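**Q** In case you want the letters, here they are:
2 protein chains.
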Amino acid sequence: MGRATEGEVRTAAVVGGGVIGAGWVARLLLNGIDVAVFDPAPGVEARTRAVLANAERAWRRLTSAPLPDKGELTFAPALGAAVEGATWIVEAVPERQSTKQAVYADVERFVEPDVVIASATSGLLPSDLQAGLRHPERLLVAHPFNPVYLLPLVEIVPGKATSSEAVERAMAFTRRLGMQPLLLRREIEAFVADRLLESLWREALWLIRDGICTTEELDDAVRFGFGLRYAQMGVFETYRIAGGEAGMRHFLAQFGPCLKWPWTHLTDVPELDQALVDKIAAQSDAQSGRFTIEALERIRDDNLVGILRALGANDWGAGKTVRRFERLLLDRATPELEADDLASPIRTVERIVPIEGVDTDGHRGEAFCLACFREATDTLLRLIGVDAAYLEEGGAYITAETHIRHLAAAEAGDRIHTATRVIEARGKQLQLYHELLDGAERLLATGEHLLLHVSLRTRAASEPGHVVKEKLGRLARLHGKLPRPPGLARFVDAVR
Amino acid sequence: MGRATEGEVRTAAVVGGGVIGAGWVARLLLNGIDVAVFDPAPGVEARTRAVLANAERAWRRLTSAPLPDKGELTFAPALGAAVEGATWIVEAVPERQSTKQAVYADVERFVEPDVVIASATSGLLPSDLQAGLRHPERLLVAHPFNPVYLLPLVEIVPGKATSSEAVERAMAFTRRLGMQPLLLRREIEAFVADRLLESLWREALWLIRDGICTTEELDDAVRFGFGLRYAQMGVFETYRIAGGEAGMRHFLAQFGPCLKWPWTHLTDVPELDQALVDKIAAQSDAQSGRFTIEALERIRDDNLVGILRALGANDWGAGKTVRRFERLLLDRATPELEADDLASPIRTVERIVPIEGVDTDGHRGEAFCLACFREATDTLLRLIGVDAAYLEEGGAYITAETHIRHLAAAEAGDRIHTATRVIEARGKQLQLYHELLDGAERLLATGEHLLLHVSLRTRAASEPGHVVKEKLGRLARLHGKLPRPPGLARFVDAVR
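Sequence lines, in order, name chains A and B. Heads up: the first sequence is residues 4 to 499, going by my numbering. Heads up: the second sequence is residues 4 to 499, going by my numbering.
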């Protein structure tokens with residue numbers, strides 16, 4: 004039997020293999036955690052593997068940070084076999100309290116009292132769910148959002164009997180998985196996000212029913228307008244801006260009266276009769292029927308990856324969550340540099356080639372290659388003391404000249420690394436030579452860079468600081484003893 | 004008096020200089036349209052110019068396509084002076100029907116009958132607004148979303164008396180401005196997007212009032228979860244995916260019953276009393292008070308630009324709208340290439356340096372420079388017949404070697420261009436030389452590129468097609484007569 008208190012979760016069980024269960028499976032596996040799935044429904048294995056394939060594809064685009072080795076996926080023939088040995092249990096079975104409680108009763112027969120059971124319910128109260136458990140303190144709700152492997156949000160909702168230890172473990176564990184846990188202050192049916200979504204959904208049904216717009220037009224009203232805002236700021240921060248410097252009170256004073264206007268159908272619920280179902284289904288076919296669900300999933304995932312990366316570049320919101328996760332992955336993977344290592348070319352960058360790093364149109368591979376060499380230069384500069392503090396003081400190296408030779412192509416998913424050496428370090432000038440290699444040490448590209456030390460204040464060339472000079476000199480002497488790489492000092496020449 | 008039927012709108016008037024009015028002003032000016040503003044409130048000019056500054060900053064990041072010369076901005080002392088000569092009138096005064104109708108009566112005294120009046124109301128019915136107009140057929144609602152200069156959505160809502168000609172003109176004109184017009188099928192108070200937002204807003208107020216979460220936590224529940232989805236797909240397309248291959252009917256069958264559950268407060272409206280206002284204002288201060296509104300606006304704009312560019316890279320949704328707009332700008336700015344031009348280096352790329360193209364950390368300028376040279380290569384390749392059809396048939400040039408020399412720095416907002424010449428064209432090899440120049444013909448960087456013709460099917464080197472070979476040969480002979488550029492065939496060498 005696994006004990007949760009032994010440390011990090013290495014083995015998890017997921018009971019229920021629907022869209023949400025499979026999404027949890029993918030996020031856990033990609034974090035290097037072994038997962039056993041139990042779901043007696045037919046086709047679960049194929050569906051789970053399809054979601055996993057989507058997740059792997061998305062993560063290759065999301066980050067070039069080195070991922071841990073993927074966890075092992077097994078499909079258990081019985082609940083006991085799935086949960087035994089697991090130190091984290093996800094329950095993602097259909098939304099019936101009795102079904103869920105029957106699962107918990109079974110689970111408790113096989114696991115230690117301190118193993119957390121995290122229900123993926125999107126609406127039931129954890130206090131109701133935990134009634135009848137032998138150890139109700141272990142149960143809480145961890146409600147994620149589809150696609151679970153990409154959206155960071157997970158609502159953590161403790162019930163009355165949930166222990167603070169279980170809550171803390173859920174917060175830490177989901178953070179470790181690259182998620183953004185939101186701890187609810189009080190339990191309430193449907194929690195926070197789904198309440199907002201449900202109110203919006205009811206109004207949407209009215210708009211379709213009354214023929215104000217089609218499903219496609221309603222979707223456009225979302226994704227060309229406020230949907231763009233909500234990817235980066237929520238309801239209140241957005242309205243705070245609308246209120247201007249006068250702030251939230253001004254906004255409330257201005258828009259408060261609208262609450263009394265009879266603008267929405269909120270006091271009523273549309274009848275979801277056959278006519279309305281037919282109307283919505285036909286409009287949805289007209290809108291999206293040219294795409295398979297698989298195609299829509301990939302489009303969605305590519306868009307989400309792009310949005311997450313764009314927000315990451317601004318170090319904001321969900322993009323910040325991804326960057327924090329990336330740094331965690333990089334920290335785990337960064338090799339320790341010993342003094343002895345310095346005598347040979349330095350392993351400066353280790354990455355997995357993302358989809359956009361592959362040369363499909365003669366362009367994207369180039370940009371990825373340049374980005375690797377830039378990062379390799381940064382790593383080397385940090386090693387010789389050009390770190391955040393040094394830049395803060397106004398010294399920096401800028402690139403004066405770059406020569407890249409593309410020798411062989413890499414495939415998405417390949418592990419690549421760079422080997423960097425100092426060719427010359429004389430006064431303000433620094434000449435570096437990077438090799439980009441794949442896992443089999445095949446040379447993919449070389450980069451030769453002439454850097455110039457400048458003062459960021461005057462933008463003029465300047466001598467580097469003493470410590471930098473000293474470290475650089477030592478490195479240049481060591482690397483000077485290496486045989487000269489054959490690709491050095493080439494010039495572009497079509498006719499050779 | 005300007006006549007709308009004379010052609011494109013060159014002069015517009017905006018009556019009302021609040022957040023939405025100023026947003027319209029910015030979008031119009033950046034599209035090269037002269038705008039006269041009328042609003043007797045104090046401080047309008049300063050506030051409008053602040054919004055315009057934000058808009059200009061955002062557009063520099065949004066696109067490197069050359070923008071038309073900015074329109075002229077004037078602040079008129081009286082309504083007549085603002086609207087006279089304008090062929091497009093935006094009404095963005097406070098949300099009172101009588102106030103708006105008084106404005107229309109005034110406007111009609113100064114403009115021709117066919118000039119469209121576009122009300123920016125977010126809720127009033129156009130049929131009510133147009134009652135009393137001498138030419139009610141000219142009035143419609145064009146409801147945009149904040150920030151108007153970045154969000155593409157504009158709801159076009161005709162009233163009962165609105166002419167189809169006015170509707171068509173509004174659709175075409177807003178598209179030309181880079182927007183995504185959504186024509187409502189029937190008029191309804193608050194239209195589509197604001198109805199969805201209002202239902203969500205009411206539920207949000209309940210959640211804060213009942214202490215389920217704070218304003219910051221509610222915002223996180225949006226922007227780390229469904230907000231990311233809504234930036235790229237709307238309500239129905241998202242749920243279609245959730246329904247899986249079984250489609251929308253399956254989703255409705257599964258989730259329909261939830262509509263009957265008593266999960267939300269929809270049947271009731273919270274009292275916006277002093278206690279609730281205080282609570283929201285205090286929580287909002289705790290959440291966002293460390294930022295000024297100006298800072299929040301810039302963060303928001305940077306995020307929106309990033310999201311729009313990310314979606315543009317996938318040619319999807321609002322990003323597709325921006326790309327369509329970009330192509331329009333590029334088409335307008337692309338110089339015609341005469342045979343005579345070919346004898347001198349070819350002007351292949353014209354751009355404005357975006358913020359991220361400026362070299363603040365020794366990196367971003369590099370990537371922009373490489374991107375310019377890649378685009379210059381593409382332009383040249385298109386000129387010699389390597390176009391979409393050629394690529395479709397499986398022939399392409401890939402980069403084998405790149406040598407870039409960074410000689411001088413550019414500033415954001417500078418106009419730059421590239422001058423490209425063919426150095427060698429021999430069999431499968433093609434050697435190009437690009438110069439990156441600023442408006443004063445100052446040399447900023449040079450790029451020397453060795454390209455190799457390949458078959459995209461075999462990935463092996465291959466001879467280019469006959470037409471390409473013939474065109475390339477002619478170009479190489481012409482450019483061979485030019486004096487050799489001094490920066491050619493250099494190699495990276497720190498010690499020279």
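Rather than coming from a laboratory, the hints here were simulated on the basis of the structure. Treat the hints loosely; a few may be bogus.
Pairs involving identical chains hold if they fit within one copy or between any two copies, as the list cannot separate such chains.
Derived DSS-like pairs: lysine-lysine, alpha-carbon spacing no greater than 30 Å straight-line [unchecked claim]:
| no. | residue 1 | residue 2 |
| --- | --- | --- |
| 1 | Lys472 | Lys323 |
| 2 | Lys472 | Lys484 |
| 3 | Lys323 | Lys431 |
| 4 | Lys474 | Lys73 |
| 5 | Lys282 | Lys323 |
| 6 | Lys163 | Lys472 |
| 7 | Lys282 | Lys472 |
| 8 | Lys282 | Lys163 |
| 9 | Lys431 | Lys282 |
| 10 | Lys431 | Lys73 |
| 11 | Lys484 | Lys431 |
| 12 | Lys431 | Lys474 |
| 13 | Lys282 | Lys474 |
| 14 | Lys323 | Lys163 |
| 15 | Lys484 | Lys282 |
| 16 | Lys431 | Lys472 |
| 17 | Lys73 | Lys484 |
| 18 | Lys163 | Lys474 |
Quick caveat: nothing in here was measured; it's all calculated off a predicted structure.
**Q** Next step is simple, just say for each hint if it's right about the structure.
**A** Do the hints match the structure? See the list:
| no. | hint | verdict |
| --- | --- | --- |
| 1 | Lys472 <-> Lys323 | neither (35 Å within a copy, 49 Å between copies) |
| 2 | Lys472 <-> Lys484 | within (19 Å within a copy, 47 Å between copies) |
| 3 | Lys323 <-> Lys431 | neither (36 Å within a copy, 46 Å between copies) |
| 4 | Lys474 <-> Lys73 | neither (38 Å within a copy, 52 Å between copies) |
| 5 | Lys282 <-> Lys323 | between (41 Å within a copy, 28 Å between copies) |
| 6 | Lys163 <-> Lys472 | neither (62 Å within a copy, 78 Å between copies) |
| 7 | Lys282 <-> Lys472 | neither (73 Å within a copy, 57 Å between copies) |
| 8 | Lys282 <-> Lys163 | between (43 Å within a copy, 26 Å between copies) |
| 9 | Lys431 <-> Lys282 | neither (71 Å within a copy, 58 Å between copies) |
| 10 | Lys431 <-> Lys73 | neither (45 Å within a copy, 43 Å between copies) |
| 11 | Lys484 <-> Lys431 | within (22 Å within a copy, 39 Å between copies) |
| 12 | Lys431 <-> Lys474 | within (14 Å within a copy, 45 Å between copies) |
| 13 | Lys282 <-> Lys474 | neither (72 Å within a copy, 56 Å between copies) |
| 14 | Lys323 <-> Lys163 | neither (32 Å within a copy, 49 Å between copies) |
| 15 | Lys484 <-> Lys282 | neither (76 Å within a copy, 69 Å between copies) |
| 16 | Lys431 <-> Lys472 | within (9 Å within a copy, 45 Å between copies) |
| 17 | Lys73 <-> Lys484 | neither (40 Å within a copy, 59 Å between copies) |
| 18 | Lys163 <-> Lys474 | neither (59 Å within a copy, 78 Å between copies) |
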